[in-house]
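Enquirer: Protein sequences, first through last, are from chains E and W.
The numbers in this note's numbering rise by one with no breaks, and the one at position 12 of the first sequence is 12.
The numbers in this note's numbering rise by one with no breaks, and the one at position 152 of the second sequence is 1152.
Hints listed in this document are in silico derivations from the structure and should not be mistaken for laboratory results.
It cannot be assumed that every hint is accurate.
With a straight-line cut-off of 27 Å between C-alpha atoms, the simulated BS3-like cross-links for lysine-lysine are [as the list claims (entries may be wrong)]:
#1 53/E / 1186/W
#2 1224/W / 142/E
#3 142/E / 1217/W
#4 1186/W / 224/E
#5 9/E / 1186/W
#6 9/E / 1004/W
#7 142/E / 28/E
#8 224/E / 1142/W
#9 1004/W / 4/E
These numbers come from a predicted model, not from an experiment.
2 protein chains.
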Amino acid sequence: MEEKNYCYKYPHPSVTTDCVIFGYEDMKLKVLLIERGLEPYKGKWAFPGGFVKMDESVEEGARRELKEETGLETNMIEQFYCFSDPQRDPRERVISVAFLALVKMSEVHGGDDAANARWFNLDEIPQLAFDHDRMLRMALQKLRERIHFRPIGFELMPEKFTLKQLQMLYEAILDVRFDRRNFAKKMLHFDILTQLEETVWPTPKREAYLYSFNKEKYDELKQKGFRLEF
Amino acid sequence: MEEKNYCYKYPHPSVTTDCVIFGYEDMKLKVLLIERGLEPYKGKWAFPGGFVKMDESVEEGARRELKEETGLETNMIEQFYCFSDPQRDPRERVISVAFLALVKMSEVHGGDDAANARWFNLDEIPQLAFDHDRMLRMALQKLRERIHFRPIGFELMPEKFTLKQLQMLYEAILDVRFDRRNFAKKMLHFDILTQLEETVWPTPKREAYLYSFNKEKYDELKQKGFRLEF
DNA sequence: TCAAAAGTGTTCTCCCTACACCCATGG
DNA sequence: CCATGGGTGTAGGGAGAACACTTTTGA
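Starting from the given sequences, assemble the full structure and let the hints guide the process.
Expert: Next comes the structure, spelled out in C-alpha cells:
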C-alpha cells in the first residue's frame, strides 16, 4: 500500500511539462516522440515530459525531462500553451505546460538515449496519446509564427550550410516554395549570414558557398525586433 | 483545526490564474487592479485571479474569477504565459497561468463590483504584489504584438467611434504617433470599418464621421491571417 | 480673419516579385 | 554538347511614408 503523505485542504491538480521537439534532417522537418510503455495509451506515442518538481520552474522541469528522457539539450526551448482540459488525462487532473524546442540533429545523432524514442517525419506521425495531436498542431503553428520574427535556422541548421539548405528548411517548415534568388537576397539583406571561404559540392554539378550565422548581428536584430516577410 | 482531506503520494503545486485586464478611456490605456486585503502583500495591488477548480480549464477559471472579483465579462481573453518560479508566492508553491483580457470600458462603467478594484493609467501603476510587475510588462508586450495581427480595437472601442479615436487608441497602445491620413488610409484599406451616416462633433471645430467595426470582414480576415504594419 | 480640426489626394521611394543570363561540371 | 545546379542582375508593381489643399466653425 502506497503512502500519501502530502495533504491539502483543497484538491490540487498535477502539473507536468510536455516538449514538442523539432529537428531537421534530409530536407525534412522532424518531431521526436516516445513510445508509452504503460497505460493509459500504452503503445501510443507521446511527447517527452513529466511532473514538475516543487523546487523547479516549468522551464527547468522541461529541460530536465528532455535531458532525462532523450539525452538532448537545446538552446531554444519556450512555453507556448497550457493545456488544462479537466478530462485530458483519464487518471487524474493534470495540467500541462507545453514547450516548443529546437535541436540540431546534425550534432546529436545517436543522442536519443531512450530506446523507445524516435524521430518522425511530419507526414508520418503515428497515433498520439492524450491531447498530443492538438499539442503538435499548436506547436507547429507557433513554430511557423516564430520563423517570421526570428532566424530560427540558428537552432536547426548545422554550423555551416549552403543557401539552398537554408531555403529548404524554410520551405519544409512553412510548406511553401520560394524563388531561389529572391530567398538569397532576402536572407543576405539582413546581414545575419556570413559567407565563408569554404565551399562544398552539394551535387556533382557545381560547388556552392558555405555560410554560417552571424550571432552578433542576430542578437542585435533580436533586440530591435525584426520582421521576415514571406 | 482545519482538515486536510486531499492527499497525494507526491507534493502538488497550487494552480491559479491571473488576469491582466486592459481598458481604454480618455485617450489612455488602463489596467484593472485589486487592492489586497490580506497578507502577504497586504495593501499592495494585484491582478484579479484565483485558484483553478478541479472541474474547469484555466480559461474557465480565469473567466470565473474575472466575473467574481470585478463583475466584468469579456470576449477577448487568452493565456499568454505560465509563471512558475518556485519562490513567487511566499506561502506555498503556486503556479499561475496569466491571461490577457480586453474590455470595453464604455459599456461597463460602474461594473467594477469589487469596492477595492480600480482602473489605473499605465504611467500611474502602484506597487504590485508577487511577480505582477513582470506580468504586466509581459502582458503589455503581448498586447502590442497582438495589435499587429488582429484589429483588437473591436474589443476596446465603443460601438461607434471616429477615426481619430481609433488612431489615438493605437497610439496609446504602441506609444507612437501616426500621420492622420496614412492611418485612415491603412485602416480603411482592410475593409473592416463601416462608415456610418451618423456624425459627431468631437470638437466644436468640425464634425466627424462615425465608424463601426465590420464583424464579418473581420472574421474573414482573421481566418486568412492578416498583417497590420506600423 | 485666423487658427484648429477633419476630409481627401498625390508623389516618391523602397521592397517584394517575377523573370533571364552566365558559368561550370558530368554524362 | 547538353542538361543540371548554382551564382548574379534587372524591370515592374504595390504599399507605406511624406506631404498639401480644402472646408467649416468659433473666437
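Enquirer: The structure should be examined with respect to each hint, and the outcome stated for every one.
Expert: A quick look at each hint next to the structure:
no.	hint	in the structure
1	53/E / 1186/W	violated, 50 Å
2	1224/W / 142/E	holds, 16 Å
3	142/E / 1217/W	holds, 25 Å
4	1186/W / 224/E	holds, 24 Å
5	9/E / 1186/W	violated, 56 Å
6	9/E / 1004/W	holds, 4 Å
7	142/E / 28/E	holds, 18 Å
8	224/E / 1142/W	holds, 16 Å
9	1004/W / 4/E	holds, 12 Å
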